[in-house]
Amino acid sequence: SQQGEEDPQALSIQEGENATMNCSYKTSINNLQWYRQNSGRGLVHLILIRSNEREKHSGRLRVTLDTSKKSSSLLITASRAADTASYFCATAPYSSASKIIFGSGTRLSIRP
Amino acid sequence: GAGVSQSPRYKVAKRGQDVALRCDPISGHVSLFWYQQALGQGPEFLTYFQNEAQLDKSGLPSDRFFAERPEGSVSTLKIQRTQQEDSAVYLCASSLVPEAYGYTFGSGTRLTVV
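The listed protein sequences correspond, in order, to chains A and B.
Residue numbers for the first sequence follow my numbering, beginning at 1 and rising by one.
Residue numbers for the second sequence follow my numbering, beginning at 1001 and rising by one.
Bound conformation, chain A alone (with noise of 0.2 angstroms):
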């Protein structure tokens, strides 16, 4: 069973234009992470924010994260045609914080 949801589901964007996903989950997480997977490729990890902590920055990655709606964001600025990917929301759950459970993904795809 998948303990994220994306949204939206499929994405499309201007090269340069900024894009934002979002990702709900239900359970009380220790923390929760953004992957990328290109076609065919394994997952990349991008980000981990702790439930403690509401943004974290890395290059033209923004992660939020807001326990009370149980939610996350994921904003890459600027976007390239190299960001044409898949991306996920991954979990830990706060009673087993080792394992991570993955939402069904955004698809995006960066317009030239």
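Among the hints, erroneous ones may be present.
[Unchecked claim] Per the computed footprint, the stretches of chain A lying under chain B, defined by three or more beta-carbons under 8 angstroms from a beta-carbon of chain B, are: (1) 8-17; (2) 25-35; (3) 100-112.
[What the hints assert, rightly or not] Pairs of lysine-lysine, DSS-like flavour, derived with a Cα cap of 30 angstroms: (4) B/Lys1011 - A/Lys26; (5) A/Lys99 - B/Lys1011; (6) B/Lys1057 - A/Lys26.
[Said to hold, decoys possible] Simulated restraints, written as ranges between beta carbons of each label pair: (7) A/His57 - B/Ser1062: 41 to 47 angstroms; (8) B/Ala1020 - A/Ala10: 31 to 37 angstroms; (9) B/Glu1071 - A/Pro8: 41 to 47 angstroms; (10) A/Arg111 - B/Phe1066: 42 to 48 angstroms; (11) B/Ser1073 - A/Ala81: 16 to 22 angstroms; (12) B/Glu1068 - A/Arg80: 24 to 30 angstroms; (13) B/Ala1020 - A/Glu53: 36 to 42 angstroms; (14) A/Ser28 - B/Glu1052: 28 to 34 angstroms; (15) A/Arg41 - B/Glu1068: 24 to 30 angstroms; (16) A/Glu53 - B/Glu1071: 32 to 38 angstroms; (17) B/Glu1071 - A/Glu15: 45 to 51 angstroms; (18) A/Pro112 - B/Lys1057: 42 to 48 angstroms; (19) A/His57 - B/Thr1112: 36 to 42 angstroms.
Hints in this document: simulated from the structure, not taken from any laboratory.
From a predicted model like this one, the values you see are computed outputs, not experimental measurements.
Glycine included, every Cβ here is placed at the ideal spot set by N, Cα and C.
Once you've looked at the hints, dock chain B against the given chain A.
What follows is chain B alone, placed relative to chain A:
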């Protein structure tokens, strides 16, 4: 090694055949995880090892699925009497401290059961 290595990259099995999928984690990574990913879906948890101990196997779909990590390094996922619904990409991931650093994934093994 530099990354998580999985082999084979692709496997075609006839229905009823047994298969073994191998994962070489990053050296020193204590935690190792197996996930199953169907086309267009997010990865689904199968099982988790800490060193050689299998701490959680709640995601294994049936008793046809078996995983081991006898020396706390390389892991093998075995599927007996494969069925068409087993067709998926099987992903292995390792981590030094999952709660702090997240996982490093391998490229996966794409299993097709015909």
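Consistency of the hints with the structure:
{"no.": "1", "hint": "8-17", "verdict": "violated (count 0)"}
{"no.": "2", "hint": "25-35", "verdict": "holds (count 4)"}
{"no.": "3", "hint": "100-112", "verdict": "holds (count 6)"}
{"no.": "4", "hint": "B/Lys1011 - A/Lys26", "verdict": "36 angstroms, violated"}
{"no.": "5", "hint": "A/Lys99 - B/Lys1011", "verdict": "27 angstroms, holds"}
{"no.": "6", "hint": "B/Lys1057 - A/Lys26", "verdict": "22 angstroms, holds"}
{"no.": "7", "hint": "A/His57 - B/Ser1062: 41 to 47 angstroms", "verdict": "43 angstroms, holds"}
{"no.": "8", "hint": "B/Ala1020 - A/Ala10: 31 to 37 angstroms", "verdict": "36 angstroms, holds"}
{"no.": "9", "hint": "B/Glu1071 - A/Pro8: 41 to 47 angstroms", "verdict": "45 angstroms, holds"}
{"no.": "10", "hint": "A/Arg111 - B/Phe1066: 42 to 48 angstroms", "verdict": "46 angstroms, holds"}
{"no.": "11", "hint": "B/Ser1073 - A/Ala81: 16 to 22 angstroms", "verdict": "38 angstroms, violated"}
{"no.": "12", "hint": "B/Glu1068 - A/Arg80: 24 to 30 angstroms", "verdict": "42 angstroms, violated"}
{"no.": "13", "hint": "B/Ala1020 - A/Glu53: 36 to 42 angstroms", "verdict": "41 angstroms, holds"}
{"no.": "14", "hint": "A/Ser28 - B/Glu1052: 28 to 34 angstroms", "verdict": "30 angstroms, holds"}
{"no.": "15", "hint": "A/Arg41 - B/Glu1068: 24 to 30 angstroms", "verdict": "26 angstroms, holds"}
{"no.": "16", "hint": "A/Glu53 - B/Glu1071: 32 to 38 angstroms", "verdict": "37 angstroms, holds"}
{"no.": "17", "hint": "B/Glu1071 - A/Glu15: 45 to 51 angstroms", "verdict": "48 angstroms, holds"}
{"no.": "18", "hint": "A/Pro112 - B/Lys1057: 42 to 48 angstroms", "verdict": "45 angstroms, holds"}
{"no.": "19", "hint": "A/His57 - B/Thr1112: 36 to 42 angstroms", "verdict": "41 angstroms, holds"}
In summary, the structure is inconsistent with hints 1, 4, 11 and 12 from the numbered list given earlier, while agreeing with the others.
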